[in-house]
Amino acid sequence: MTAHDRARAFKGLIVWLLVTFVAAGIGSAASMRAGDFYQQLVRPGWAPPADVFGPVWTVLYVLMAIAAWLVWRRAGSFAAARTALTLYLAQLVVNALWSWLFFGWHMGGAALADLVLMWVLVGATVMAFWQIRPLAGALLLPYWAWVTFAGALNYATWQLNPQLL
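Letter 95 of the sequence shown, counting from 1, is numbered 95 in the UniProt record's numbering, and no numbers are missing.
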């Protein structure tokens, strides 16, 4: 690998990290006062404390960005992996929207529908990434598992809080 190739690879990683964390930032803007709202909610006994979510999401976003970068690198360009990377970007948009639906607008049912769509998109992204670079698909499996858990938590919390959600 030449110095030019290494520099391009590094720049690509930075771009995928930025894209992923910009989406995270858009979602987290809706969650600025989420701690207060989350504390008001009746939660199922198996719900994690609020301070668990930030570290978990940070790790997941890093893994997601690395996975996208690996696919981009293996394909050589965005165009060469258009379907896989478009699925990735689509699930990022749906991911960012969830925080607005749940925390910003207090729409538990719509947030659950968003999570169902996210689950489908993440699954499709896992499969598309796996075909290009199996490691990239594997890096998304913890995210897919977390989205599954988040869906169950969203549903349970929505059902326990009809007056708030």
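Take these hints with a grain of salt, some might be off.
Said to hold, decoys possible - Below, simulated SDA-like cross-link-like pairs (lysine to any residue); rule was C-alpha separation at most 20 Å, straight line:
id: 1; residue 1: Lys11; residue 2: Pro55
id: 2; residue 1: Lys11; residue 2: Phe78
id: 3; residue 1: Lys11; residue 2: Pro48
Stated by the list, open to error - The calculated label-pair distances, taken between Cβ atoms and stated as ranges, are:
id: 4; residue 1: Val42; residue 2: Phe21; range: 27 to 33 Å
id: 5; residue 1: Leu153; residue 2: Ala79; range: 46 to 52 Å
id: 6; residue 1: Arg8; residue 2: Asp36; range: 29 to 35 Å
id: 7; residue 1: Ala113; residue 2: Phe53; range: 27 to 33 Å
id: 8; residue 1: Arg74; residue 2: Gln159; range: 39 to 45 Å
id: 9; residue 1: Gln159; residue 2: Thr58; range: 39 to 45 Å
id: 10; residue 1: His4; residue 2: Gly45; range: 51 to 57 Å
id: 11; residue 1: Met1; residue 2: His106; range: 35 to 41 Å
id: 12; residue 1: Pro55; residue 2: Val93; range: 21 to 27 Å
id: 13; residue 1: Ala75; residue 2: Ala113; range: 19 to 25 Å
id: 14; residue 1: Ala152; residue 2: Gly54; range: 27 to 33 Å
id: 15; residue 1: Gly35; residue 2: Val93; range: 20 to 26 Å
No lab work stands behind these hints, which were simulated from the structure alone. Beta carbons: idealized from backbone N, C-alpha and C, even for Gly.
**Q.** Status of the given 29 to 35 Å range, CB of Asp36 versus CB of Arg8
**A.** violated (45 Å)
Q | Straight-line alpha-carbon gap Lys11 to Phe78, limit 20 Å | A | With a Cα-Cα distance of about 14 Å, the restraint between Lys11 and Phe78 holds, given a limit of 20 Å.
Q: Given the hint of 46 to 52 Å, check if Leu153 and Ala79 actually sit that far apart at their C-beta atoms.
A: violated (38 Å)
Q | Range hint 20 to 26 Å (beta carbons of Gly35 and Val93) holds or violated | A | For Gly35 and Val93 the Cβ distance comes to about 24 Å; the hint holds.
Q: Note whether the CB distance of Val42 and Phe21 lies within 27 to 33 Å or breaks it.
A: holds (32 Å)
Q: Below or equal to 20 Å on CA atoms is what counts here, so check Lys11 against Pro55.
A: violated (25 Å)
Q. Is the straight-line distance between the alpha-carbon of Lys11 and that of Pro48 20 Å or less?
A. violated (36 Å)
Q: Look at the Cβ atoms of Pro55 and Val93 and judge whether their distance stays inside 21 to 27 Å.
A: Distance hint for Pro55, Val93 holds at roughly 23 Å.
(Q) Is 27 to 33 Å respected by the C-beta to C-beta distance linking Ala152 and Gly54? (A) violated (20 Å)
**Q.** Arg74 paired with Gln159, Cβ distance criterion 39 to 45 Å
**A.** holds (43 Å)
Q) Falls inside 27 to 33 Å, the C-beta gap from Ala113 to Phe53? A) The hinted range 27 to 33 Å is violated for Ala113 and Phe53, with Cβ atoms some 20 Å apart.
Q) Does the Cβ distance between Met1 and His106 fall inside 35 to 41 Å? A) violated (50 Å)
Going down the numbered hints, you'll see the structure goes against 1, 3, 5, 6, 7, 9, 11, 13, 14, while the others check out.
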